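Listed below, chain by chain, are the residues.
2 protein chains.
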Amino acid sequence: MRARTCLPFLLPLLCVLNVSAQNTGAGATPRHSLMPVPASVQFKDGRLSVGKSFNIAARGHTDARLRATVERFLRRLEGRTVMELPRGLRTDATDAGAASLVIEAAGPGRDVPSVEEDESYTLEVNDRQATLKAPTTVGVLRGLETFLQLLDGDREGFYVPAVSINDRPRFPWRGLMLDVARHYQPLEVLKRNLDAMAAVKLNVLHWHLTEDQGFRIESKKFPKLHQLGSDGQFYTQEQAREVIAYAAARGIRVVPEFDMPGHATAWLVGHPELGSAPGPYTIERGAGIFEPALDPTREEVYKFLDGFLGEMAALFPDSYMHIGGDENEGKQWNANPKIQAFMKEKGIKDNHALQSYFNRRVLAILKKHGKTMMGWDEILQPDLPNEVVIHSWRGTAALAEAARRGYKGVLSNGYYIDLIFPTHQHYGTDPVPADSALTPEEAARVLGGEATMWSEWVTPETIDSRIWPRTAAIAERLWSPREVRDVEDMYRRLAVMSVRLEELGLTHEKNQAMLLRRLAGGRDTAPLQTLVSVVEPVKEYRRYQQRPQTMLSPLTGLIDAARPDSDAARRFASQVDALLSDAPRFEAHAMPLRNTLTQWRNAGPELEVLIDRSPGLHEARPLAKDLAELGTTGLEALSYLSRGVAPPAEWRDARLAALDAAAKPKAALEFPVTPAIRQLVIAAYEQPRLGRLTAAEWKSQVKQLSAPAAKPPGR
Amino acid sequence: MRARTCLPFLLPLLCVLNVSAQNTGAGATPRHSLMPVPASVQFKDGRLSVGKSFNIAARGHTDARLRATVERFLRRLEGRTVMELPRGLRTDATDAGAASLVIEAAGPGRDVPSVEEDESYTLEVNDRQATLKAPTTVGVLRGLETFLQLLDGDREGFYVPAVSINDRPRFPWRGLMLDVARHYQPLEVLKRNLDAMAAVKLNVLHWHLTEDQGFRIESKKFPKLHQLGSDGQFYTQEQAREVIAYAAARGIRVVPEFDMPGHATAWLVGHPELGSAPGPYTIERGAGIFEPALDPTREEVYKFLDGFLGEMAALFPDSYMHIGGDENEGKQWNANPKIQAFMKEKGIKDNHALQSYFNRRVLAILKKHGKTMMGWDEILQPDLPNEVVIHSWRGTAALAEAARRGYKGVLSNGYYIDLIFPTHQHYGTDPVPADSALTPEEAARVLGGEATMWSEWVTPETIDSRIWPRTAAIAERLWSPREVRDVEDMYRRLAVMSVRLEELGLTHEKNQAMLLRRLAGGRDTAPLQTLVSVVEPVKEYRRYQQRPQTMLSPLTGLIDAARPDSDAARRFASQVDALLSDAPRFEAHAMPLRNTLTQWRNAGPELEVLIDRSPGLHEARPLAKDLAELGTTGLEALSYLSRGVAPPAEWRDARLAALDAAAKPKAALEFPVTPAIRQLVIAAYEQPRLGRLTAAEWKSQVKQLSAPAAKPPGR
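One line per chain: the protein sequences are A and B, in this order.
The first sequence maps to residues 4 to 718 in the numbering used here.
The second sequence maps to residues 4 to 718 in the numbering used here.
Chain A extracted, bound-state conformation (with noise of 0.2 Å):
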């Protein structure tokens, strides 16, 4: 489900970043990089050092999966410590007492991992030995990634902090959602990001595997559908299992999206006759929303649909099934008049009707299957049963309201990562927010959240760069206290775990360099890094506004080896923070800005000779000019401020035209520096008269002068 207007996320967002102080349940000890937060962490005096001879003995249940995860858990303790560690598991008591690491599962959890699966674990360190138990294998799993997240080292070697760890999720159902369809992705993508998901401790992949762009599930019973629908591009039953497989021994359910009635023009190409129109059909390459649907009027696609979701419920052991549900805009039902002599005669008064009557025709379907329902909101009208799960792309208001009238529920809206919007966005959307009015009762059917990866722009090179690290922060929103929300630590942690993941095989670290190079033709990429560190994809829809695009169109421009979230800009922009902080001496951060700007300034005509010779990155000669021109106005603000001299009015009202036009986005990119060197602008500017205020009081009216929107005072 797309939302296509402007998501309203942004008020919980001011809340979050108003707030400073951070309980993380730690003692007074050094600063963890946890995440997700644990539920409870109380750090210790001592540290059990990690060595050659680390090694793990189990006490109580095991099993293959969880054997499996301690090989696997030991292969990435090694790569990071560089020591070739005892293999395997240890078994027998006196094993136990002299391991570095005791676990103690309970049980192996349920068959198929489900959402009331126990994740909770304690991890207790000290001295001479780590313990961890969970009631569940699954539980053993979640409490070896705290293990992992803890390694540190110094000159004395690697070691865990003694500390005291009791853990469980906020919310059972923290989901990352790919959608497969619009860009088909290769069975190693899926896997790695499994692996990721596990490293944060998500539990479900929301498998969207149907769409107009392509049908990528193999079915047996119409073979058609995938045949015809997918370009060759599907995943055999085979490899779903294998996906459902890997997914279910890092205790991660696999729940598994076919979207109707609308979305559907993949699966008319092989079967026009369950449309609502005619056809012949053909796989669709444009992005938007598009009229196929099918037709809920006749019997013959009910039964289609109770063979193929019945081939489908077998393949899949979730007890959810999604049904999509979303965006039918219902212009194949208007044009269709046997559709609209069946309306008159069932007394179906609209489309929504209509669609309900689909819906409630597929519910029983899926019932009789064995399977709970769940869609995206269109799907919740006034007759809808309330054993079907709604999946909100609307917000946590929509949510509440399902919630008060009995639904389950889980959000997405404030969570769809296409967007590319920061990570802090992200992070202060809550599925239950501290005001919520629900009753504990109602809150409880708030099952969680899922992060939605639209795969319009996204090809495997560059899928993991949307998905990752932004992610990380969304899966901690989910499974930590409410409380947590410093938004500067979870920066600090997120850089950590961004390193930490690529061990898993991600490349969101690791190809933009790649796609820079091959942009540059082998030429000498850095100045080109100098740029794509400090710009950012163009936010929400306008991508394809600005620069128009197609499923079948190479994602390997420079807008795609941007990446969401500047860290960069991050830090510049906190380093003009702390500069305008020390009015009116301006030393603090003054060196490093003045180095990042110069290299700016001059990476612009470094940039130049390259464009002229790399026919692909022409697209970006005025972000170049921009970027000099950004340097240049720094630089001379900077001056400005360092000498305690105000500039002239003329070079104020040029440098503000100019960052307007610099903050305008070209090839779909754009500045997220502009409102910091704006402020620099102005505080040059303002100098004399704001000379004697404090300096909460300075920044303040700087700011609120360097407001975009803002005229330039006194004109």
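FYI, nobody ran anything at the bench for these hints, they're computed from the structure.
One or more of the hints may lead you astray.
[What the hints assert, rightly or not] The calculated DSS-like cross-link candidates involving lysine-lysine, where the alpha carbons are at most 25 Å apart (straight line), are:
no.: 1; chain 1: A; residue 1: 341; chain 2: A; residue 2: 306
no.: 2; chain 1: A; residue 1: 194; chain 2: B; residue 2: 194
no.: 3; chain 1: A; residue 1: 706; chain 2: A; residue 2: 542
no.: 4; chain 1: A; residue 1: 371; chain 2: A; residue 2: 306
no.: 5; chain 1: A; residue 1: 136; chain 2: A; residue 2: 47
no.: 6; chain 1: B; residue 1: 136; chain 2: B; residue 2: 55
no.: 7; chain 1: B; residue 1: 513; chain 2: A; residue 2: 513
no.: 8; chain 1: B; residue 1: 513; chain 2: A; residue 2: 194
no.: 9; chain 1: A; residue 1: 513; chain 2: B; residue 2: 194
no.: 10; chain 1: B; residue 1: 542; chain 2: B; residue 2: 628
Since this is a predicted model, take the numbers as computed values, not measurements.
Please arrange chain B on chain A, whose structure you already have, making use of the hints.
Positioned in the frame of chain A, the structure of chain B alone reads:
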């Protein structure tokens, strides 16, 4: 086959390094970046622009392989140009007239890729159209790679220069041997390397499937082989067929190797009854040569081999099969009284003769199954039938001797890429050197060569960086005319090729940064990047001697991040060379040299801080100190030179002693820049005495005095 003595390929190298002129067959046109250089290439005036309407038509033969190749070609072209291009291959005559690129294949080529395949093609490009003609689809494949390498760009956009190319390989056997036994490599590693092989026109994947350390292919007849011999890491027969088909689609043969009678421990884990000692056996975890060998005196062994090799002969369609045959030291044979008795009875005088007996028996089995036998040098015993192909690890002389005696042969001596030699060393090795005394008929028996990737010290994370880009230079040696041997130009083109290979998913460029980030635990890796850019893993078999590990050890250390043939070191040495040629002013490149040396000096202390917190880097501590000292020494020498002042003898002695210490490997890494720094020190000291010499004399004197073995003069 491991060549455990110093390889004798230094002599040809010296010739190559002294050749500076190069005949590429090109006209007086700008430098190209083709690799391998075509047999004949003539650039012309004009260019074919490559824009959004670029399209391809076929005139004459088409087939599924050709279509799939064109699709892959278009995806890569789109990736580089960031343009969506028309899909598919047009096939009617009117299309061909208007097409940007016309393909004329005369026929499909052989059903199974063969050493007799015709891979030739011609490519004519003018302002209006490119025409690619070839007798087979494989020739088209080769030509399309050349076309992609010709792609260039400027302010006007992308284009291919007008050119006339007539190309064919010098040798028909151009291979890469992958040892997937010591470290298993998943399918995706094989596939991306097959793509890279095709990009540099290699045509044989020699798949080294069995070893003491692992038995990697499923046997349905004898399942204990892979079940007990592989830790579960083996290729199913379905996967093997997938690899064979993937290779064939790229015009690449797959020659499997089942190493026997030695290197056989992993066979014997499941089948100890085949061994020359009673067993039991366990999978070998060490590196080296081991005793377990098949028992050549027992008929059951040949019955078993008949079954197994028959099964493999049906699985692998190539007409060659490699039986290894190397490094059997015969200790188990000596110790087994039954074997000794058998030898006495049959009049077999020694272990060589016994292995000959074994080889003749295996040869008969392979012939029965329709395969030509191939084996390492050792199999060449006096009574070997000359239908067998000799795979030479001993060198060109041994290969020539075999050719004279009527054997076909393939060279790998000189192409042992696991030994971390610099590229120019491999590039200088010619299977039939210019001074070869072979008659044309004998020379034709030298089929070509194979780069050998033995896998003791590589994982899926690092293997690409050991293969690429160096193997592209070996591919050129085997494809291009003998006269193409300008080392400097090779390095220039190799750098371009290295980046181009990344589009195929190879990780040789991008994984280094990832390995460093893991080692640094998420901290800033800038000083570590400086260090790693100027160190190389020690050569030959010294890694294991200096830093012993097993097949189970993590390969995530600094040595694994370091790459062979440091670009930075080569650039530094050439800048020092230019500086010394600029005597007595010493101004050429003084600025970049000073910057580089300053960076080294400053990185030292920064590294110390990083190392303190990253125990995985503790072994790098002496390297950090060395790096800082190399920087300081170089800066001081530069300063003496630029001032025209000679340092005191004490300075020189202290600095040379420090350089001697820095030249000693630490953590199995060494600084290839020490000789250049030594030259700077000597030059600084010798300034007054050498002042009256010519530039050439002066440089030669400094080089002579700087040779590491040389004692300081006059002591």
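Looking back at the numbered hints, which does the structure fail to meet, lowest number first? Result: no hint breaks.
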